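Throw the hints in and build the complete structure from the sequences for me.
Going down the list, the protein sequences come from chains R and Y.
Each residue of the first sequence is one higher than the last, beginning at 9 in the working numbering.
Each residue of the second sequence is one higher than the last, beginning at 9 in the working numbering.
Since the hints were derived computationally from the structure, they do not count as laboratory data.
Any given hint could be a false lead.
The list treats identical chains as one, so a pair stands whether inside a single copy or across any two.
[As the list claims (entries may be wrong)] Distance condition first, Cα-Cα at most 35 Å in a straight line; then the derived DSBU-like pairs of lysine-lysine:
#1 K408 with K273
#2 K151 with K276
#3 K99 with K150
#4 K100 with K43
#5 K55 with K173
#6 K408 with K344
#7 K345 with K100
#8 K347 with K43
#9 K151 with K55
#10 K100 with K151
#11 K199 with K151
#12 K115 with K351
#13 K273 with K151
#14 K55 with K345
#15 K150 with K345
Everything numeric in this text was worked out from a predicted model, so none of it was measured.
Each chain, written out:
There are 2 protein chains.
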Amino acid sequence: LKEENFEIFREELLSFHPFDLAAAFIELDDPERYKVYNSLSPIELAKIFEHLDFELVPLYFEEMNTFYVASLLEAMNIDDCVDILNNIEEKKVLASYLSIMNKEIVKEIRGLLQYEEETAGSIMTTDFIEIPINLDVKQAMKKLVEDAVDAETIYTLYIVDENRKLMGIMSLRELILARAHETIGDLMNQKVVSVLASLDQEEVAHIMRDYDFLSVPVVDYQDHMLGIITIDDIVDVIDEEANEDYEKFAGVSDIEDLFESNPFKSAKQRLPWLIALLFLGMVISTLLNFFGDTLEAMVDLAFFIPVIAGMAGNTGTQSLAITIRGLASDDIESIKKLKYIMKEAVTGLIIGLVTSVIAFGLVMILKQDPVLALLVAIAILGSLIVANLAGTVTPLVMVKLNVDPAIASGPFIQTLNDLISNSIYLGLATWILNTYL
Amino acid sequence: LKEENFEIFREELLSFHPFDLAAAFIELDDPERYKVYNSLSPIELAKIFEHLDFELVPLYFEEMNTFYVASLLEAMNIDDCVDILNNIEEKKVLASYLSIMNKEIVKEIRGLLQYEEETAGSIMTTDFIEIPINLDVKQAMKKLVEDAVDAETIYTLYIVDENRKLMGIMSLRELILARAHETIGDLMNQKVVSVLASLDQEEVAHIMRDYDFLSVPVVDYQDHMLGIITIDDIVDVIDEEANEDYEKFAGVSDIEDLFESNPFKSAKQRLPWLIALLFLGMVISTLLNFFGDTLEAMVDLAFFIPVIAGMAGNTGTQSLAITIRGLASDDIESIKKLKYIMKEAVTGLIIGLVTSVIAFGLVMILKQDPVLALLVAIAILGSLIVANLAGTVTPLVMVKLNVDPAIASGPFIQTLNDLISNSIYLGLATWILNTYL
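Structure (structure tokens):
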């Protein structure tokens, strides 16, 4: 970057892939970044900026001339442009960019800005190839070549009638292999899978994964074309959703961010969960308090509190993970839910029976006390059945109630199962001590 | 399916998307399946079978005539064909299919069968568009049209020299927009990102996600073209890997399978983990045993065992999840590991300090015993720092040692942290009781 000749520097830069340039760009210091702004046209920089973390981009914009920013935004894929504009917090700054951008593009941007986050509308692009149904193959190819420069993908053609209603689709491959005089309307595939702009992006991802689509059309209720979603954006959605599932599971928010941020920010994000769990944990302590007399009468009971709570927690974690993944991959459909819960109940019973027999043996070896061994075994059997069901049913109920299933996180299920298992164990012990001993 | 006229039945069937037909196919009973085999040509059925779970396909093959199977396999995408053949366990059956298939295709299949599972080689296809470097645009377009029927994608052209060495790539879009007389060698992009056949499929997925590729070339050490990997297969890889991360985290194996299987199979898969954890849990009980005198002297101590263990477990779960996701998304690179561990150590300290102060207050309210409150607070501080580091360091060490990081699962970290936290808590209590009280 010390090279003074701008032209050589530019050419060298542009020989790299935009993704690599974006990775290098974020490592630059201020003067180096200004040099990049001076060397590259807004159009060239736009390709690089498409690969940046969009939350950072508004900060870089502040370093640039407003006209440079406007040209850069115009040159970007419109879906990426909208994502970036969504990250600009100051309304005045946003307005200053929009006021000097091309009016046509601004109109499209305003249309896209209205869709809610994480919906099909929010990730679609309006730059697609639209072919009137009455064209023949030769005319269609001519229109495709004319529109190819701006379109995000040219590999699927969307066939529309005069009202922009989606009538069919056709791949570029089919177009290339067709004869010049054939009519598009006869060649096109009429069974089109399309999505509504309000559909959750995760559903869109499942559709594209299952059907092996490279792009999917987004339509309104009357089947008018609004835009398309391309596979590169869906790959990012799948990645994001996997992270979200993980966050739910681990009881943390914004896992990506946690990875990069400083320890104070990180602690601040993790503490609310931990403090909530501490209070819940203290409820368990208070509960154990009620069993103080029992524990004093039979101190050996205390030794097995952690193992029973631990086993309940582990079983609950397993069934929670299976259920959350099942929900994420659409394997659980509404009809089968009851069947699935029944299956998990039986699984819990089997796991509980096997584990409690082994636990009985181990306690006998450790303590040579058949009453204690039986108590531990029954407590494990009961806790595992309940814990397994808690891990299964909690996320299902959350989804049903439209509550954020983040509440059914691993730590929450663990702590809940601690409470259940200790109640069963010590309740049972108290009853036996009072009744028989 | 009651319709007797095969022709109408066929046409109706084929108007649906293969994915929908595949979903319907697995619900059919035996006579219905035989009817499908009789109605559809192997080529038509091949498109449907590409969307089935490949583990099930060999069972359906047993219901068909060997020649029908051979034609069906020939008509499939070669990468899917290889995946299915990999699932045929009986060598004799496999040989019987290969012996009557087209010799050219069998040769390619044998080449692909040699790659190890989960490598680039195992998911690539050999059906791609290869263009000699010396052709002009018009000749290249002619070759593309000739090869288009068999190719899995025609949207990226791979430019090779006379030895099939990869010299550059060009998109179909660029080809369409170029002038007829220009030479491919001048137009092509020479900076090509390619992968070796031995590369892990997860690495391939990251490359395709980061660079927004629709396909990536697979080469040998001398840059000769071996095949290409297309985005639809990568979407499946990303999904699979997310499941694998989940399995590690939850301490279960083959989470997809667990979702569908019967409770006995499910219990059988989950029990080994749970039994291992039961033994580990009993180690904790034995440890507590050593502190029997301490507990008898101060029964109140026992009430806080679960909350301390729980907090250590929760903190460890959080840092484990963050680290595993960081490893999965390549955010952790080798140089930054020490820095990352240091950051997590500081985070653990902050979390520990805040939580222990609150815990001190809560125990004071519950028990009005400053010694006990101080004991609980110090135990939480110490356990949280250690637990947080255990969740961070364990998966990093596993990866470093090339051990399957499945061992660093959530339940394992939980149980390990139970052990650590209880040792700190009761060890400290014993020392204070013996020294000061």
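A quick look at each hint next to the structure:
1. K408 with K273: So K408 and K273 pass the 35 Å test inside a copy (33 Å) and across (28 Å) alike.
2. K151 with K276: neither (55 Å within a copy, 60 Å between copies)
3. K99 with K150: neither (42 Å within a copy, 53 Å between copies)
4. K100 with K43: Classified as within; 27 Å inside a copy, 67 Å across copies.
5. K55 with K173: The answer is both: 32 Å in one copy and 29 Å across copies each meet 35 Å.
6. K408 with K344: Result: close within a single copy only, 14 Å intra versus 42 Å inter.
7. K345 with K100: neither (50 Å within a copy, 41 Å between copies)
8. K347 with K43: between (64 Å within a copy, 30 Å between copies)
9. K151 with K55: Both, since 25 Å and 31 Å are each at most 35 Å.
10. K100 with K151: neither (39 Å within a copy, 54 Å between copies)
11. K199 with K151: Cα proximity of K199 and K151: in one copy and across copies (23 Å, 30 Å).
12. K115 with K351: neither (53 Å within a copy, 46 Å between copies)
13. K273 with K151: Close neither inside one copy (53 Å) nor across copies (57 Å); limit 35 Å.
14. K55 with K345: between (46 Å within a copy, 31 Å between copies)
15. K150 with K345: neither (52 Å within a copy, 54 Å between copies)
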